[in-house]
Structures are given as C-alpha cells and as structure tokens.
Amino acid sequence: MSLRIMPKSLLKTWIKHLQSRHFKVVGPTERFGQYVFEEIHSADELVMDYPTSVLPPKKYLLPPRERLFTFNAKTMEMQPDIQAVPTVILGVHTCDMHAVAMLDKVNNTGYADQHYKARREATYLVSVECLTPCMEGSFCKSMGTLTVPENYDLHFTDLGSDYAVEVGSEKGAALLEGCSAFWEPSEADYARVDAVIGAKWQHFPYRLECDVTELPDLLALSQKSPLWDELGERCLACGMCTKVCPTCYCFDVTDEIDLNLEHGERIRQWDSCQIEKFAVVAGGHNFRSSRALRQRHRFMRKGKYQYEAFGLMGCVGCGRCAASCLVHITPVDTFNALHRLRQAAQNGSAAENTASNQEVQA
Amino acid sequence: MSAKTLPRIAFFEFTSCEGCQLTVVDTLQDHPELLNAVEIVQFREAMSERGDNYQIAFIEGSCTRPSDEAKLKEIRAKAQIVVALGACAHLGGVNAIRNRMALPEVREYVYGEKAAWFETYPARPIEAVIKVDASLPGCPIDRNEFAMAVTHLLQGRLPNLPDYPLCIECKLLENVCMYQRGKTCLGPITRAGCAAICPSYGDGCEGCRGLIPKPNWAAMKAVLREHGMTDAEIDSRLTMFLTYQTMQLEAKAAEG
Ligand code: SF4
Ligand code: SF4
Ligand code: SF4
Ligand code: SF4
Ligand code: SF4
Chain A
63 MSLRIMPKSL LKTWIKHLQS RHFKVVGPTE RFGQYVFEEI HSADELVMDY
113 PTSVLPPKKY LLPPRERLFT FNAKTMEMQP DIQAVPTVIL GVHTCDMHAV
163 AMLDKVNNTG YADQHYKARR EATYLVSVEC LTPCMEGSFC KSMGTLTVPE
213 NYDLHFTDLG SDYAVEVGSE KGAALLEGCS AFWEPSEADY ARVDAVIGAK
263 WQHFPYRLEC DVTELPDLLA LSQKSPLWDE LGERCLACGM CTKVCPTCYC
313 FDVTDEIDLN LEHGERIRQW DSCQIEKFAV VAGGHNFRSS RALRQRHRFM
363 RKGKYQYEAF GLMGCVGCGR CAASCLVHIT PVDTFNALHR LRQAAQNGSA
413 AENTASNQEV QA
Chain B
8 MSAKTLPRIA FFEFTSCEGC QLTVVDTLQD HPELLNAVEI VQFREAMSER
58 GDNYQIAFIE GSCTRPSDEA KLKEIRAKAQ IVVALGACAH LGGVNAIRNR
108 MALPEVREYV YGEKAAWFET YPARPIEAVI KVDASLPGCP IDRNEFAMAV
158 THLLQGRLPN LPDYPLCIEC KLLENVCMYQ RGKTCLGPIT RAGCAAICPS
208 YGDGCEGCRG LIPKPNWAAM KAVLREHGMT DAEIDSRLTM FLTYQTMQLE
258 AKAAEG
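Residue numbers (this note's numbering), protein chains in the order written: chain A, 63 to 424; chain B, 8 to 263.
Possibly wrong hints are sitting among the right ones.
As the list claims (entries may be wrong) - Stretch-level coverage of chain A by chain B, calculated; a stretch enters the list once three of its residues show a Cβ under 8 Å from a Cβ in chain B:
(1) 93-99
(2) 318-324
Claimed, not checked - Pulled a few chain A residues facing chain B out of the computed Cβ check, cut under 10 Å:
(3) P126
(4) R127
(5) M302
(6) W332
(7) Q336
(8) E338
(9) R353
(10) A385
(11) S386
(12) V389
What the hints contain is simulated information worked out from the structure, not anything from laboratory work.
Just so you know, even glycine gets a beta-carbon here, dropped at the ideal spot from N, CA and C.
Could you put together the complete structure from these sequences and hints?
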C-alpha cells in the first residue's frame with residue numbers, strides 16, 4: 063500500500079502511543095538466552111532483532127490453553143467465553159506470517175472457529191523482514207517463506223538507524239494514526255529498502271535438496287519408506303516438535319467442574335500427534351500406536367496433507383522443531399533423506415533397466 | 008445433600024514421609040468446599056477420630072515389610088475404590104532406592120546394632136500387593152490434581168490424569184528447555200501433571216511422577232550421554248524415583 067519511515071529512536075514513542083490507545087502490545091523479549099513473545103511495558107524490553115522465539119506468536123490466536131465456555135450442570139445453562147483484547151503483535155517473522163495464513167484458512171474453513179475468529183480480528187500483525195538466518199535448522203528460503211505474505215498490517219524492514227514501515231491494510235494504517243513518529247519516505251528511502259532487501263538473499267542457503275513443490279509427491283511415494291522406522295527408533299515421543307510448531311493446531315477438549323459438581327468450564331488445550339494416545343478411539347483401538355507411524359503422520363501433514371487440503375504447505379521452515387528435538391529429528395534432514403532414498407531407488411531401477419537392455423542386446 | 012449420602016473417605020499411610028497427606032491438608036485450605044463434598048472418616052494427619060466404614064481409601068506410602076501386606080489387603084477388602092497417593096504408593100518412591108543394594112547392609116546402615124529388630128524387604132508400590140483403581144503421582148502430589156481427582160470420583164468415574172510426557176506441559180508454559188540452559192531433564196520420559204514445576208523453576212525433572220506408558224529408554228539415555236552424563240551418573244539419576252519401574256523393565260527385557 064504505502065511506505066513510511068520511522069527513526070528507531072521513536073519506536074518508544076509509538077509503543078506509548080499504542081498503549082495510550084489501550085492496545086495490548088506484545089513482542090519478543092529475552093528469557094534465559096532465548097526469546098518469548100510477551101506483553102511489552104516499555105520499548106526497552108523489546109528485542110526486534112531476535113533470532114526466533116520458543117513458541118510462535120500463534121499463541122495469541124490459539125492459546126495453549128483456553129476456556130471455550132462455562133456451564134452450570136444443575137441448570138444446564140451455558141455461557142460462551144470469547145475474549146478478544148485488541149492486541150498488536152510486534153516483530154513477527156515472515157515464516158510465522160505464512161503460518162498465520164495457514165491458521166486463518168484452517169479456522170475459517172467450514173464452520174469458522176468463533177474463538178479464533180474473534181481474536182484474529184482483534185489482532186494487528188506487525189511483521190519484520192529477516193535479514194540474516196535465525197538459526198541453523200531453519201530453511202525458510204527453501205520453503206518460500208522468506209518474503210512476507212499479503213496478510214501483514216504493517217511490515218518493518220531494518221534500515222540501520224530507521225525502520226521502513228510498509229502499510230499493508232487499513233488496520234495497519236489505523237495503528238499509525240495520530241502518531242508523529244512516521245515520516246513520508248524520500249526517493250532515497252525507497253532505494254535504501256531495495257538495497258537492504260536485495261542484499262539479504264545471499265546470506266540464506268537453500269537447504270532442501272529438492273524443490274518445495276516436489277514434497278507432496280515425494281511423500282506420497284514414501285509411505286513405505288524404511289526411514290519412518292528409523293525415526294521411530296530415535297524419537298522420544300516427547301511432543302516438543304509439535305508444541306513449538308507455528309502451523310500445528312490440534313487440540314484436546316476437556317470439561318472441568320468444581321467440587322460441588324455445579325459450575326464447570328470447557329477447556330481447549332494444544333494436543334500433539336506424537337503422544338501415545340493421540341489416535342486412540344472408543345474401544346481403545348490406536349490408529350498410530352508406534353512412534354514410527356506417528357513420525358510419518360507428522361511429516362505427511364507438514365509436506366503433503368495440508369497442501370492438499372488447504373493449498374498451503376504445512377511447514378513454513380521456521381526450524382523450531384529442529385532446534386527443540388533432543389534426538390535431532392529435523393524436517394530438512396527427513397525430506398532430504400526421503401529425496402535421496404527416492405533418487406537411489408530411481409537410479410537403481412534405471413541401472414537395472416540399462417543392465418537388462420544390455421542383456422537383450424547382447 | 009445430607010451428610011449421610013456423602014462419600015466416605017479414609018487416608019492411610021505406609022512407608023512415607025507423610026508429605027502427600029500434608030498436601031491434602033493444604034488442599035483442604037485451598038478448597039474448603041471439599042469438606043462439604045466428602046465425609047472423612049479416618050485421617051490421622053488431621054483428626055483423631057477413626058472410622059472403619061469407608062468407600063474410598065487413599066493410601067500413602069510403599070509396602071516395605073511383610074506385615075504391610077495384611078494391612079493393605081484389609082483396606083482393599085473394605086474399600087470400593089483404592090487410590091495410591093503419591094510417589095511412594097504409586098512407584099515405591101525414594102524408599103525403593105535400596106532395592107538395588109544389599110538389604111542387610113542397608114538395614115545396618117539405618118538401624119545400627121538394632122538392625123535385627125526390623126523386618127524389611129525391597130520397597131514396592133502398593134499395586135504390587137493389592138489392586139489399585141487409580142494413582143495420584145508425584146513427590147509430593149499436586150494439590151490441584153488431588154482436587155481434580157476427588158471431583159472425578161464424585162462424578163462416579165476414575166480420575167482421568169495426564170499420562171503424556173512432561174515436555175508437553177513444559178512447552179505449553181513456554182519454558183526454555185533445561186537442555187538449552189546447560190542442564191539435563193527427564194521430562195521426555197516422565198508423566199506430566201505437576202505443571203512442570205521443576206523446569207519452571209530452573210531445575211531438570213527427576214521423574215517423581217513416574218514413567219510415561221512407553222518410554223523410549225535407549226533414546227533418553229543417549230540424550231543424557233550426549234549432554235555429558237556418564238553411565239554411572241545416568242543410573243543414579245534414574246534411581247531417585249524410578250528404581251522400581253526401571254528394575255521391572257530390566258526384568259521384562261531379560262525375560263525377552
Ligand atoms: S521433538 Fe523429536 S523426540 Fe520429541 S516427539 Fe518430536 S521428533 Fe520425537
Ligand atoms: S515443522 Fe518444524 S520447521 Fe516446519 S513449521 Fe513446524 S516447527 Fe517450523
Ligand atoms: S526461518 Fe527464516 S523467515 Fe523464519 S525467522 Fe528464521 S530467518 Fe526469519
Ligand atoms: S525442560 Fe525438560 S520437560 Fe521441559 S521441554 Fe526440556 S526436557 Fe522437556
Ligand atoms: S518436574 Fe519432574 S521431578 Fe519435578 S515435580 Fe514434576 S515430575 Fe516431579
């Protein structure tokens with residue numbers, strides 16, 4: 063839409079301005095050498111050039127644990143509990159923005175999730191351009207998520223002493239209203255943005271050995287791969303990979319009631335396909351009783367099922383799962399290993415074909 | 008509801024520190040409505056009356072000597088529901104550390120020259136002696152979980168407690184993993200339900216809530232080794248709360 067420039071020294075002013083308008087302002091803050099999104103009380107707490115966060119900002123749209131409604135078991139009355147505080151999320155990386163696009167699709171397909179919807183509408187996404195790779199396990203360039211998708215309200219690019227601020231929506235424009243921290247850009251500013259963004263790409267390696275568009279087919283052909291058993295042997299089934307993933311949205315629902323068995327609440331909490339009981343159904347049958355089957359399911363979701371259901375990749379390459387996994391199971395290694403196994407199989411059958419052709423000729 | 012229709016519950020202790028029963032007393036302070044929901048007929052930690060007419064028995068402590076067995080069986084015969092209260096009753100607890108040692112030596116170390124006066128054998132969870140309907144894990148138990156378990160019992164069902172790994176709970180709280188803070192943790196093989204209290208306060212989990220149903224033992228050990236622990240250190244780490252469970256697993260593996 064349009065570009066504005068904000069000197070970094072005025073970030074403080076803007077945050078105060080937002081708070082005076084009763085926005086909850088959240089952003090990356092430091093915790094034991096890592097970063098977590100938290101409510102910002104003053105700009106000093108904010109670390110805009112953080113590498114990655116423990117949990118993705120998804121937690122503001124789909125909280126780890128939330129109350130869906132309260133009920134009275136005696137009168138059978140129910141009261142939905144939909145809380146949507148106007149919230150500005152500062153510093154969302156582009157991979158996580160792609161993940162939000164996926165969550166939007168999932169939660170608005172069919173019967174829209176009312177809790178998600180209310181929070182999403184009250185959420186203002188302020189993304190930031192990544193200029194250097196966040197960590198070893200990330201592979202956003204391979205997954206096509208190193209550029210911001212269209213869903214941002216404001217998008218920041220670090221120009222050194224200033225931020226370039228791209229206004230992406232009316233919601234974004236509203237955040238700037240009445241704040242004197244933003245200036246009209248000059249010709250030179252446009253050139254500065256181009257130079258910074260143009261220079262960043264060389265710093266990011268392609269880490270997938272195949273093209274992202276090949277993943278759904280690769281996975282379809284890998285249903286019976288021996289790799290799944292190998293991953294199953296190593297996997298702890300700790301579920302961390304799914305807890306930290308920006309595109310995982312599976313949840314479990316339970317009722318909690320007080321000791322008088324009268325006032326209760328229905329709770330939704332993040333679930334994980336990696337734990338033993340995830341696929342247990344009535345009667346006790348478990349569709350995915352082995353870790354190998356659960357690992358396969360996870361990677362099928364990430365590289366194939368989501369794409370087929372929603373037209374978007376289920377993995378955005380953020381690398382959080384790779385950094386968390388204590389036994390070093392990573393999407394890059396998994397996809398690359400499947401790709402190599404596939405190639406070896408193809409070369410094998412090509413070699414066989416050549417050999418039998420030669421026999422025929424001889 | 009008249010007092011007569013309230014479920015009657017009783018508390019018993021075997022070899023334990025009584026910390027779990029103290030947590031129950033604590034829970035009563037947090038949830039005074041508990042006293043309107045149940046009738047406590049026996050609870051040495053909190054009252055002097057002793058009723059023998061109970062439906063639900065909460066048993067703290069492990070079975071550590073032959074004479075415990077008859078008492079446990081008597082409770083089982085009287086109660087409709089038996090709940091193991093805390094790590095000692097659930098897993099054998101710290102008492103089971105001795106199970107890997109020579110008992111006469113242990114006895115002498117503890118009781119000195121009076122060692123012969125004390126009958127004692129390897130510590131076992133009460134489930135090794137009687138049928139247990141539910142277990143409340145933890146050393147000590149978690150007070151919110153105790154209240155939840157009672158609620159479930161009042162609803163006429165057995166307590167439905169988490170048996171997924173601690174890492175799930177820990178990550179829901181967005182803790183920075185202990186392994187990334189230069190420490191080690193048994194979270195991946197330990198049952199959740201304590202609000203990941205140790206990692207939340209900066210310490211690795213010691214496994215007091217017991218193992219998840221199918222722990223990946225080999226992978227856990229490999230992780231601990233990779234993070235600088237020797238085999239001896241790993242064994243001692245798994246000894247604190249998990250001796251009974253690990254010895255059971257070893258025995259099973261030996262059977263093939
Ligand atoms: S983080 Fe690693 S060990 Fe844990 S469930 Fe995921 S793949 Fe398995
Ligand atoms: S699967 Fe891993 S790399 Fe992909 S989006 Fe999820 S956490 Fe990020
Ligand atoms: S994975 Fe890429 S887009 Fe995501 S935070 Fe890291 S560098 Fe940025
Ligand atoms: S600190 Fe322990 S429980 Fe928490 S995620 Fe790490 S290993 Fe799991
Ligand atoms: S974190 Fe581990 S050791 Fe600590 S209370 Fe929970 S289960 Fe017990």
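The hints, checked one at a time:
Proximity of the stretch 93-99 of chain A to chain B, defined as three or more residues with a beta carbon under 8 Å from a beta carbon of that chain, is established by the 5 residues found. Under a criterion of three residues with beta carbons nearer than 8 Å to beta carbons of chain B, the stated coverage of the stretch 318-324 of chain A is upheld, 6 such residues being counted. For P126 (chain A), the suggested interface contact is upheld, since its CB lies about 4 Å from the closest CB of chain B, less than 10 Å. The restraint placing R127 (chain A) at the interface with chain B holds, with a minimum CB-CB distance near 6 Å, inside the 10 Å limit.
At its closest, the beta carbon of M302 (chain A) sits 5 Å from a beta carbon of chain B; the interface hint therefore holds under the 10 Å criterion. Interface restraint check for W332 (chain A): the shortest CB-CB distance to chain B comes to about 6 Å, inside 10 Å, so the restraint holds. Contact between Q336 (chain A) and chain B, as hinted, is supported at the beta carbon level, the nearest pair being about 9 Å apart and thus within 10 Å. Nearest Cβ of chain B to the Cβ of E338 (chain A): about 6 Å, under the 10 Å cut. The hint holds.
A hinted interface residue such as R353 (chain A) counts as satisfied when its beta carbon comes closer than 10 Å to some beta carbon of chain B; here the least separation is about 7 Å, so the hint holds. A least Cβ separation of about 8 Å between A385 (chain A) and chain B falls short of the 10 Å threshold, and the interface hint therefore holds. Checking S386 (chain A) against chain B: minimum C-beta separation of about 7 Å stays under 10 Å; hint holds. Because the beta carbon of V389 (chain A) sits about 6 Å from the nearest beta carbon in chain B, less than 10 Å, this interface hint is met.
No hint from the list above goes unmet by this structure.
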